[in-house]
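Chains as they are written, first to last, in numbering that gives the first Met the number 0: chain A, 0 to 438; chain B, 0 to 438; chain C, 0 to 438.
Some clues are possibly wrong.
The list cannot tell twin chains apart, which means a pair is met if one copy fits it or any two copies do.
[Claimed, not checked] In the DMTMM-like style, the derived pairs of lysine to aspartate or glutamate whose C-alpha atoms are separated by at most 20 Å in a straight line are:
| # | residue 1 | residue 2 |
| --- | --- | --- |
| 1 | K220 | D342 |
| 2 | K293 | E422 |
| 3 | K294 | E411 |
If you are wondering where the hints come from, they were derived from the structure by calculation, not from laboratory data. Just so we're clear, the structure is a prediction, and the values are computed from it rather than from any experiment.
Each chain is listed here by its residues.
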Amino acid sequence: MKNLKILSGAALATLALSVAPAMAEEKYALAVDTAYIFNTLLFLIGGFLVMWMAAGFAMLEAGLVRTKNVSMQCLKNIALYSIAGIMFWVTGYNLMYTGVDGGFFGSFGTYSFDAVGGDALDTGYSTASDWFFQMVFCATTASIVSGTMAERVKLWAFLIFTVLLTGVLYPITGSWEWGAGWLDEMGFSDFAGSTLVHSVGGWAALVGAIILGPRSGKYGKAGQVNVMPGSSMPLATLGTFILWLGWFGFNGASQLAMGTIGDVTDISRIFANTNMAAAAGVVTTILLTQILYKKVDVTMALNGALAGLVAITAEPLTPSVPQAMFIGAVGGALVVFAVPLLDKLKIDDVVGAIPVHLLAGIWGTLVVPLSNSDVSFLPQLVGVVSIGAFISISSALIWLAIKATIGLRVGEEEEALGLDKVEIGVEAYPEFGQGSQRL
Amino acid sequence: MKNLKILSGAALATLALSVAPAMAEEKYALAVDTAYIFNTLLFLIGGFLVMWMAAGFAMLEAGLVRTKNVSMQCLKNIALYSIAGIMFWVTGYNLMYTGVDGGFFGSFGTYSFDAVGGDALDTGYSTASDWFFQMVFCATTASIVSGTMAERVKLWAFLIFTVLLTGVLYPITGSWEWGAGWLDEMGFSDFAGSTLVHSVGGWAALVGAIILGPRSGKYGKAGQVNVMPGSSMPLATLGTFILWLGWFGFNGASQLAMGTIGDVTDISRIFANTNMAAAAGVVTTILLTQILYKKVDVTMALNGALAGLVAITAEPLTPSVPQAMFIGAVGGALVVFAVPLLDKLKIDDVVGAIPVHLLAGIWGTLVVPLSNSDVSFLPQLVGVVSIGAFISISSALIWLAIKATIGLRVGEEEEALGLDKVEIGVEAYPEFGQGSQRL
Amino acid sequence: MKNLKILSGAALATLALSVAPAMAEEKYALAVDTAYIFNTLLFLIGGFLVMWMAAGFAMLEAGLVRTKNVSMQCLKNIALYSIAGIMFWVTGYNLMYTGVDGGFFGSFGTYSFDAVGGDALDTGYSTASDWFFQMVFCATTASIVSGTMAERVKLWAFLIFTVLLTGVLYPITGSWEWGAGWLDEMGFSDFAGSTLVHSVGGWAALVGAIILGPRSGKYGKAGQVNVMPGSSMPLATLGTFILWLGWFGFNGASQLAMGTIGDVTDISRIFANTNMAAAAGVVTTILLTQILYKKVDVTMALNGALAGLVAITAEPLTPSVPQAMFIGAVGGALVVFAVPLLDKLKIDDVVGAIPVHLLAGIWGTLVVPLSNSDVSFLPQLVGVVSIGAFISISSALIWLAIKATIGLRVGEEEEALGLDKVEIGVEAYPEFGQGSQRL
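Sequences are here, hints too, so could you generate the full structure?
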């Protein structure tokens, strides 16, 4: 069997044509190969789609911050994706997946891919494709934090937090469920990461935003909330469409196998349900903002799509279409009501990531039993609370340690000038906007 | 056989290795699975590529409207994609595909996907993947209307029309051909939708533009045409590249099967021909605008690519490369000559969607017999005329009904201020452009 | 066997279920089909990902040139992709791949795809899919030239060069290695084109930039270098993410087969290594610019990602993860040190393409023996030098011939006004930036 692996496609064809029918074992080998190839291909396609979400976050955030901080947001997003890629190899993968065995974390150490031309028939897919797919999820988590804390956090403070989030925190809570840890044994279920990815990023962002404080001038002394509109709606829209596209990989490839009819049929259901939830999120926010404000708010509609996507992520397979639309619609409604609520609490979430990723993530996780009878409410609640507690506390400790050492926040004058001039040295739009006014 | 569907990839491998050679039937089962998986995968990949075209239209239109209407265009595009997704489930799919049987429309009612872990061996692909792929085509049709009527149509007027277009009109004419209705029986052929998608959107846009009237100030009293340049050429360029990319899914996956050598070879031909037609459209518009205007017009070149793509869509498989280039080149030339013609008729098509989608769509449909000897000219003409008549008349009735009730067009003052301020409340670029001039 | 090819997926299923177990040969036929479909699918997916890189270059360059030249950069990029598509069919493919046989170029003439429904069992993949995949590589080469020479080269001078580069120069040096020419026989190895694609574009750009001269005002009389910041960092960032995404197709599909376990496992390794090299390139440039300039330069970080990607392209399969990171990190460092060096030499490379594509390409090619023991240093050096010499000399002759005839560079006044007004007639951002200042 093993010798098959060194044959090229053409050689394999020759073999298959020439081999005697009596050599029946070879046929099965080919069938096994096919399932292995399909499974691996699913990880590769799903992986590049989720990798593309890094660009989506970059564009969404570049569009929702003010001109003077756009270059910084671009830099942070390409930096965090790079850091996540390195850290998830250095410690992340093994901490999350190797030897967890009902426990609280896996083993330490870097990860090894299949050898060149290698196989991994026992796993049914290439280990490097699995690593790639899991890595881009880890990067997504870090992307969420970037938006909330924009426009006043120091670059290096954020990058150091990213190293720890992607190399330690995310893998630990990830191991509890996807690494077959204690939450998995208890019956917790989170198909593609409403909690494990989105809420984890959301908790880290929430705690960070509280410790960091709001942008200067955001909340007036008289209690008023000052709108600080984003610099580019088309970039924010582009980012949302990129994320929506990437989400087909995020949820679809979380089926983890495509080598059977049942698996590919499930992936198809997941594609359709994922789209339905997002669509319902958009329509809900459009209707609600029209009713509440007599105008449709485009940033709410964009976040409505994302909230619908986050909400369906905990269980995109089992819902019927009406259930998927309901789950997404509630996600969208959460955005409309939570954004002003956060402002009342003076928690300054620049891009709306807390409603979208944290609240819709909790909602999606808790509502899984509605469509999936194998899952019950209590383990879902335990998962949400335990992961929330772990990430909140550990994030708070890290943010506070950074604050006490290199400092978390740029100075007031630097914040007024914009991070692009102070920390990056390259303005986003030097010839117009804030830039051109100086000329 | 059926029990195979519940096995995961790894379990399947184990089964395949352990099963006795005598159990020969299992082998065929695996082969059937493989074709089913390939077919479904084609719909999923094609589907996400065409879904991505929604972002392409959003960027193209955001780049071609003026700054003061960019947020509105972004909102409309994410809204119409969402509405299409919902309506094509509520009524669209069954109206278009179920029980048409040589007639004029299918059945009413929502669509049901495969059950979890389900199969559909008789169809050869997952039904949810098919739904997803067909849905994104429906959304494309609605995108076309959005651009032509930009900068003066009321948001809710457009959204209501979108509900009817995606839930009723598009599925009805679609059923005539792809649902095996009367046009299909007559011998009409439209491989991926030059007429069924692009002309349908084009007719709805043309009729809408006539009823709506041109933008205020577009046509001067002395007969002059005032140029209203788009706000961002790079966004328009990005949109065009996105559409070009998505078109490989649009045309390629319209082969509807990838489980045999012949099918995947045809998909490859389609990829190459699609690219050739678009390339010829670009080169033609560049040469023509250089000759006619002594300058190359970048918006013409972008629309030339799209016109080439629309033209090849009716038959991307059978043309030889020179034929594909000829079809695309004529599409590009149509843009160069039709844009000023429309202006003479005082039909204000903001993004050039009528030449690109309607005229190139008609051209592409009528030229099918050139390369495909199974198709004759008369049914093609009947298809173009009948679908044009149905969509024009039904669209006109809807636009007029909207005009008579909630109104079709914003007030003059609101148009001058821009839709972003009046209907959206979020400016696209608050810190520069029109926005910054107010500061 | 051959009759299988005309069966649709559903018909194939029926056949497979009904055929008697004794007809064992059919089973092997299916297995051969499967490998053929996987191989072809790899070219199609890889092809559309690399096609997408054309959009990446367009956005990167649109973001890195000044506002007054953005439309021109958009036009050039869609034009060059179109020209490459046509020329690689007219002469390119056969010149590069047909009958090279240890020599210096292939045969002349247009390329023929598989017939409709055709097969090519002897090759193991569809010829049209192979053509499509190779064509987008050719287009990438032309994209590289576009950025370096921006803001002062005449449109038609650039387009004429593109015709010759994509139809003649690139295919000739390509034939030496990938067409099984003399360099391949000597043992030169360039997996996905660090030299054959990136350095070829880089040499053509370098020679072009020297002959063309720097932008007016770039280098002051007192020896100072004037910064001419790019117009949009988010577009440059978007372009970089697009290129990164496309690179998974660029390197991954250069495995050229996906029909065996070994092949798909190798593709997975390639994905992971490609990502690692890019990530290391980013982190290296961030650290170096922080240390050297006390600020992090976002354009350096973007180019660091690209340099890492170019460097790993010569051998993305065999490196271990630390080796991949080392290769990418050195690529990133090359950018940081070479950008100021080029300025000292008064070679004005607008987007940094020479360090990214030429220097990192040379580095990546020379370092192959580090991880691949089948490759030795001398043939690598011969390949780098011989291809560099051929492309430099032939490019220089073409650029000089253009200069002597239609002229290479726009007039000083036209350069000051910007190419958009002079040659394109459509400004990129008419309502803000340079545009709005004129209002």
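Within, between, both or neither: how does the pair K220, D342 come out at a Cα-Cα threshold of 20 Å?
The answer is within: 13 Å in one copy meets 20 Å, while 51 Å across copies does not.
State whether the alpha carbon distance between K293 and E422 is at most 20 Å within one copy, between copies, both, or neither.
between (40 Å within a copy, 8 Å between copies)
Homo-oligomer pair classification [E411, K294; C-alpha up to 20 Å]
between (34 Å within a copy, 18 Å between copies)
Violated hints are absent here; each numbered hint is respected by the structure.
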